[in-house]
Amino acid sequence: TVYRSSQTGNPTVPLDSTATGVIAGVAPYWRFAWDHPWSSGSGQSDLEIGTLGLNTHLYPGGGNPLSGPTDNYLDIGADAQYQYITSNNSLTLHAIYIHERQELNASSAYGLAASPNNHLNAWNVNASYYWNEAYGPTIGYFRTTGSSDPVLYAPASLSGSLTGSPDSNGWILQWTWLPTLNVQATAQYVIYNKFNGASANYDGSGRSASDNNTLYLALWLLW
19 TVYRSSQTGN PTVPLDSTAT GVIAGVAPYW RFAWDHPWSS GSGQSDLEIG TLGLNTHLYP
79 GGGNPLSGPT DNYLDIGADA QYQYITSNNS LTLHAIYIHE RQELNASSAY GLAASPNNHL
139 NAWNVNASYY WNEAYGPTIG YFRTTGSSDP VLYAPASLSG SLTGSPDSNG WILQWTWLPT
199 LNVQATAQYV IYNKFNGASA NYDGSGRSAS DNNTLYLALW LLW
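Numbering (my numbering), first residue to last: 19 to 241.
Hints are supplied without guarantee of correctness; some may be wrong.
Okay, the calculated beta carbon distance ranges per label pair [claimed, not checked]:
1. 59 with 222: 53 to 61 Å
2. 65 with 231: 28 to 36 Å
3. 127 with 235: 19 to 27 Å
No lab work stands behind these hints, which were simulated from the structure alone. Every residue, glycine too, gets a C-beta built ideally from N, C-alpha and C.
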């Protein structure tokens, strides 16, 4: 799959420098996976192991020209999933890891990053169990680490970092209910133990990581 940038609603009109994160050319995405199902006891087991990646060259935009140096991102990841399904219940275990290499040639030239070379590592693991294929919990853990950059991750209210670090981690707790085949109701709570490098005063404005804890309520209807 390849992606490109275009104007929302009118892809024939060229983008200008007011746009942000504009793809230079195209961005190729790849995904390969191996899947092995087998009978196991009174149910069916399935194991999937895969890899994925995205190679993107971006113009930062936001007032900077859409030409010249670009910010280059290479994301390479691996994931695995195990499922055990019976006539009434199901168990799913999933894990994914992604490493992102950043060559911020444009951002460093425009003063948007202190270093042209950065990286990020992201982990996410979760487990879910459904009773009667109708309701059940999901618990997940997420963690992001990366190279510090006092300009890229500068102190700023809410989204900034006092330490110049992107390091974050926390938990996701979710309850899902499927009353019918085409209706799903979900309550999800995201808990942050650390956000942008710290648990307390992470942004330099006195905000704690736990202040970003978020409750989501969702209702899906498919037809």
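Hints breached by this structure = The structure conflicts with hint 3 only, although it agrees with all the remaining ones.
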